[in-house]
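At position 118 of the sequence shown (counting the first as 1) the number is 118 in UniProt numbering, and the numbers step up by one without a gap.
Worth flagging that the hints you see were computed from the coordinates, not collected in a lab.
Under the rule of at most 25 Å between Cα atoms (straight-line distance), these lysine to any residue pairs were calculated in the SDA-like manner:
{"#": "1", "residue 1": "Lys110", "residue 2": "Met95"}
{"#": "2", "residue 1": "Lys156", "residue 2": "Ser86"}
{"#": "3", "residue 1": "Lys15", "residue 2": "Gln41"}
{"#": "4", "residue 1": "Lys92", "residue 2": "Ala113"}
{"#": "5", "residue 1": "Lys15", "residue 2": "Gln39"}
{"#": "6", "residue 1": "Lys156", "residue 2": "His106"}
{"#": "7", "residue 1": "Lys92", "residue 2": "Arg5"}
{"#": "8", "residue 1": "Lys123", "residue 2": "Ser86"}
{"#": "9", "residue 1": "Lys92", "residue 2": "Pro4"}
{"#": "10", "residue 1": "Lys15", "residue 2": "Arg5"}
{"#": "11", "residue 1": "Lys123", "residue 2": "Lys166"}
{"#": "12", "residue 1": "Lys123", "residue 2": "Ala113"}
{"#": "13", "residue 1": "Lys123", "residue 2": "Ser105"}
{"#": "14", "residue 1": "Lys110", "residue 2": "Arg99"}
{"#": "15", "residue 1": "Lys76", "residue 2": "Met95"}
{"#": "16", "residue 1": "Lys141", "residue 2": "Thr158"}
{"#": "17", "residue 1": "Lys123", "residue 2": "Glu64"}
{"#": "18", "residue 1": "Lys76", "residue 2": "Glu132"}
{"#": "19", "residue 1": "Lys123", "residue 2": "Leu160"}
{"#": "20", "residue 1": "Lys141", "residue 2": "Asn82"}
{"#": "21", "residue 1": "Lys76", "residue 2": "Val147"}
{"#": "22", "residue 1": "Lys166", "residue 2": "Val147"}
{"#": "23", "residue 1": "Lys110", "residue 2": "Phe52"}
{"#": "24", "residue 1": "Lys123", "residue 2": "Ser136"}
{"#": "25", "residue 1": "Lys92", "residue 2": "Gly143"}
{"#": "26", "residue 1": "Lys123", "residue 2": "Ile135"}
Across the chosen pairs, the derived CB separations fall in these ranges:
{"#": "27", "residue 1": "Gln39", "residue 2": "Gly159", "range": "42 to 52 Å"}
{"#": "28", "residue 1": "Ser136", "residue 2": "Arg48", "range": "35 to 45 Å"}
{"#": "29", "residue 1": "Gln36", "residue 2": "Ser136", "range": "48 to 58 Å"}
{"#": "30", "residue 1": "Ser57", "residue 2": "Lys92", "range": "12 to 22 Å"}
{"#": "31", "residue 1": "Glu170", "residue 2": "Ser105", "range": "24 to 34 Å"}
{"#": "32", "residue 1": "Ser146", "residue 2": "Pro20", "range": "46 to 56 Å"}
{"#": "33", "residue 1": "Ser105", "residue 2": "Glu126", "range": "25 to 35 Å"}
Cβ atoms here follow ideal geometry from the backbone N, Cα and C, with glycine treated the same way.
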Amino acid sequence: MVCPRCVMAVERVLKDMDVPYEQVELGTVFFKQELQPLQLQQFEEQLRNLGFSIAKSREEVWIESVKRILIELLDKDPSHLNSPISNLLVEKVGMDYSRLSQLFSHSQGKTIAQYFIELKIEKAKEWLSVEEYNISQIAWKLGYGSVQYFSTQFKKTTGLTPSEFKNSPEKSRKYLDSLDSVK
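Please model the complete structure; the sequences and the hints are all you need to start from.
As structure tokens, this is what we get:
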């Protein structure tokens, strides 16, 4: 669960099941009391029906935290995009970056950097689709040092230049939380 839409879906499941909870955040549910085994089983089943799963191991929790932090970074505070994301992740997750990177790559089939590039390109596609910003502004907002580098990375990822995408009648996009593993 790594997007606001996911939080609403989980809250709906909890309300439908009459499960008391304190708070649902991206990636985390705080229950008022521990669930009974049958409740937990039903909750997991409802989540699976929505395409979610419960992160049970510490490693899964860390990986979901990385995804959540990076999505939130793009949605809420892109000012950090000019500093290394490794520093931000170490600070927020509380784990050595090389270990975190190794876990992420093993689980997702791509590096944290590759995943973050995909997120940034999807955010760029969103902005290009609604014509909120021009290409130079998008490159700057996403932390790229130059429009040329942004355009090169955009084309490598999508097969189109930002201008071609912007002028295309069909603008295919993915939800940020749907950029899952390649496994």
